[in-house]
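Undergrad: Residues per chain, in single letters:
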Amino acid sequence: MPERYLALLDRILTPVLFLLAVVFLIVGHNEPGGGFAAGLVVATAFLMQILARGDDFVRKLIGTYLQPAMGVGLVIAIFSAILSLPEGAFLLGVWWKIPLPGGAVLEIGSPTLFDIGVFLVVSAFVTSYLLELSRPARGSRR
Amino acid sequence: MNVNANWLAAPVVLPLMAAAVSLLVSTRVTPKQTRIQRNVAILAAAGNLLVALFLLWLTAGGDQRIVLQVGLWPAPFGITLVADAFSAIMLTLTGLLMLCLVVFASGTLDERQGLNFYPLLLFLLMGVNGAFVAGDLFNLYVFFEVLLMASFVLLSLGGRPAQVNGGLRYVLLNLLASTVFLATTGVVYGTLGTLNLAHLAERMDAAPDWLRIVIAGMLLVAYGSKAGIFPLFFWLPASYHTPHPAVTAIFGGLLTKVGIYALFRIYPLLFPDLLVEWQPLILTIAALTMLVGVFGAMAVKTIRRVLSFHVISQVGYMVMGLGLALSGNQLAAGFGMAAGIFYIVHHMIVKTALLMAGGAAELTMGTGRLEKGYLGGLVKRSPVLAGVFFVAAFSLAGIPPSSGFISKLGLLQIALDAQQWWIAGISLLVSLLTLMSMIRLWQKGFAGPQEDVVAPLRRPNLRLTVAPIALLVTASLAIGVFSGPFFEWSSVAARQVLDRQGYIRAVAPTDQILPIGEQSH
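Quick note, the sequences are listed as chains A and B, same order.
For what it's worth, the numbering used here labels the leading residue of the first sequence as 1, then goes sequentially.
For what it's worth, the numbering used here labels the leading residue of the second sequence as 1001, then goes sequentially.
Read the hints as simulated data drawn from the structure, not as lab findings.
Keep in mind the model is a prediction, meaning the values are calculated, not measured.
C-beta: ideal position from N, C-alpha, C; glycine also.
Treat each hint with caution, since some may be false.
Partial selection, computed: residues in chain A whose CB lies under 7 Å from chain B [as the list claims (entries may be wrong)]:
| id | residue |
| --- | --- |
| 1 | T44 |
| 2 | A45 |
| 3 | Q67 |
| 4 | M70 |
| 5 | G71 |
| 6 | L74 |
| 7 | V75 |
| 8 | I78 |
| 9 | A89 |
| 10 | F90 |
| 11 | L91 |
| 12 | V94 |
Computed footprint of chain A on chain B, listed as stretches where at least three residues anywhere in the stretch have a Cβ under 8 Å from a Cβ of chain A [said to hold, decoys possible]:
| id | region |
| --- | --- |
| 13 | 1006-1019 |
| 14 | 1023-1032 |
| 15 | 1064-1072 |
Take these sequences, add in the hints, and give me the full structure.
TA: This is the structure:
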């Protein structure tokens, strides 16, 4: 039975959680956060959707994409690890400096890429786990 | 020879990459999806075998260790991957078994092949490979966990009640062993201030006696229960007969041997003196493991249960090799270790072949029960399958000219040379009992009157099923016939495992962290 009050709340909270996940993902290299934490936050957002709108809704929405998302995340993480092979070492950090308009410089590196991969794997894995847990037992009535 | 150490990452990265790619197509279960996943798995397994053979070719001389400091962080600060001849032998065997298994599985799998069977197999391969190249205690733990998680899902894939039951026992007891392992890692780091194996080897000699005994004992419990030694083996017969036969085959061939590998790696490196001091304990464990396994095999009544109990009794022989690793009067130092390594090689090949053949018999007949009216007459029904089973069974029992004969002979030689008469006697008795057990399997399952097929299961594709078994059986015979070079090879590997200083020099930890208690605040 989806919870009514959550259905009201989640319209506000879901975007907030997604934004929070992005913040965690970006600051994660130097500050607390990172891909793992951001993935968990996204999974929390989906958990709220499960509670508010029922697991069938979420499963129809994203269910089939969860396993491919794990695959994409793993591919990204491995790619970031072998990116540094031309520099001579596996999993060595590689950094690029991208000049932005206005004089600022965006420094982006393979650790960020690795974090994005971890983020995808964790969010997809935890969400599929939650979906499986919220599936009603065989034979039980809703 | 100078070699790019980054090759060492390939045995871990390649299976992970293949698993990730085959997850991309898993949006819905279709025959096409299954086919793609299978083809990716075959390609990855073949590539992995090639990489392993390349590493074996590099290290086979026994004088080179390939060391990869991941991300160029020097040991002991970063992750270290190390491969020597022993690691390369294990990697090659794993690659060979995995390739055979993927072919076997594509010939026998039922609807479970749609449930991401092949990606899970690749995750398992990644965990096993990683454990063989791990250069520090914590990463060894991580790779143990990777293979445990993959194996848990493989065990319960399909979700039949018996499978969930067996899977639960498996995961519960293995998690318990993992907890002990993790606790030991904590103790080691808290007291010695490092987890890198080479760095630990440098520091372990200066550690107080009680600490070394605690660490060695806890590691023996942790690895021992993974390996299935007495008295920590009980999870194995409780779970190995429940999953699909392909899963049992790879588990019986690979998983317990990862625990044995860890024992063979850690004990000579960190506690070479305890290997001598604790010899009575280790040999007693070996003897009890052999006896319990072989007696257990006599008491159970399905083909895969019998073979699972034989996994345990065979593990006993390997532990015997470990116990005799440093003994010997006339024979060269390290002969026991070499015999143990040779036994692992023989066992992994033969056990997988045997479990595959037994599983194929079970699938063909729809039952694995060794009673009148269930399994029988397979000699007439599929003579090729019966033939490969026959050779594999006699290799396990140790009949010449198979690899089983030479490997048991090696262990017997070192036991007699070290004047451990009793363990020599027990190992002879157990191999006699193994022979009896194999004859019983043959009589009940393969000879005798032809029985009707019990359940309408998916009939295995016989060509895809028998070909990998035949390949493994041929490998076993080849090792038996050309035993000289192969034994020489495992002696080289054994000498390298026992060479502590060489290992430390190759990894070259920079000693800048002080153990707790020596810091000046």
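Undergrad: Determine for every hint whether it applies to the structure shown.
TA: So, going through the hints one by one against the coordinates:
1. The interface hint given for T44/A is violated, since its Cβ lies 23 Å from the closest Cβ of chain B, which is over the 7 Å cut-off.
2. Proximity of A45/A to chain B is violated relative to the hint, the smallest CB-CB distance being about 22 Å (cut-off 7 Å).
3. At about 4 Å, the closest approach between the beta carbon of Q67/A and any beta carbon in chain B falls short of 7 Å, and the interface hint on this residue holds.
4. Here the hint on M70/A is kept, as its CB sits about 5 Å from the closest CB of chain B, short of 7 Å.
5. Because the smallest distance between the Cβ of G71/A and any Cβ of chain B comes to about 3 Å, under 7 Å, the interface hint for this residue holds.
6. Evaluation of the L74/A hint against chain B yields a held restraint, the C-beta minimum of about 3 Å falling below 7 Å.
7. Because the beta carbon of V75/A sits about 5 Å from the nearest beta carbon in chain B, less than 7 Å, this interface hint is met.
8. For the restraint placing I78/A at the interface with chain B, the shortest Cβ-Cβ distance is roughly 5 Å, inside the 7 Å limit, so the hint holds.
9. Using the Cβ-Cβ criterion of 7 Å, the hint placing A89/A at the interface with chain B is satisfied: the shortest such distance is roughly 5 Å.
10. For F90/A, the suggested interface contact is upheld, since its CB lies about 4 Å from the closest CB of chain B, less than 7 Å.
11. Given the 7 Å rule on beta carbons, the hint for L91/A holds: about 4 Å separates it from the nearest Cβ of chain B.
12. Here the hint on V94/A is broken, as its CB sits about 11 Å from the closest CB of chain B, past 7 Å.
13. Taking a C-beta to C-beta cut-off of 8 Å, the region 1006-1019 of chain B contributes 6 residues in contact with chain A, enough for the three needed, and the coverage statement holds.
14. Look at the region 1023-1032 of chain B against chain A: 6 of its residues bring a Cβ nearer than 8 Å to a Cβ of that chain, three or more, so the hint holds.
15. For the region 1064-1072 of chain B, the proposed coverage by chain A is satisfied: 5 residues have a C-beta within less than 8 Å of a C-beta in that chain, meeting the threshold of three.
Of the hints listed earlier, those the structure fails to meet are numbers 1, 2, 12, in rising order.
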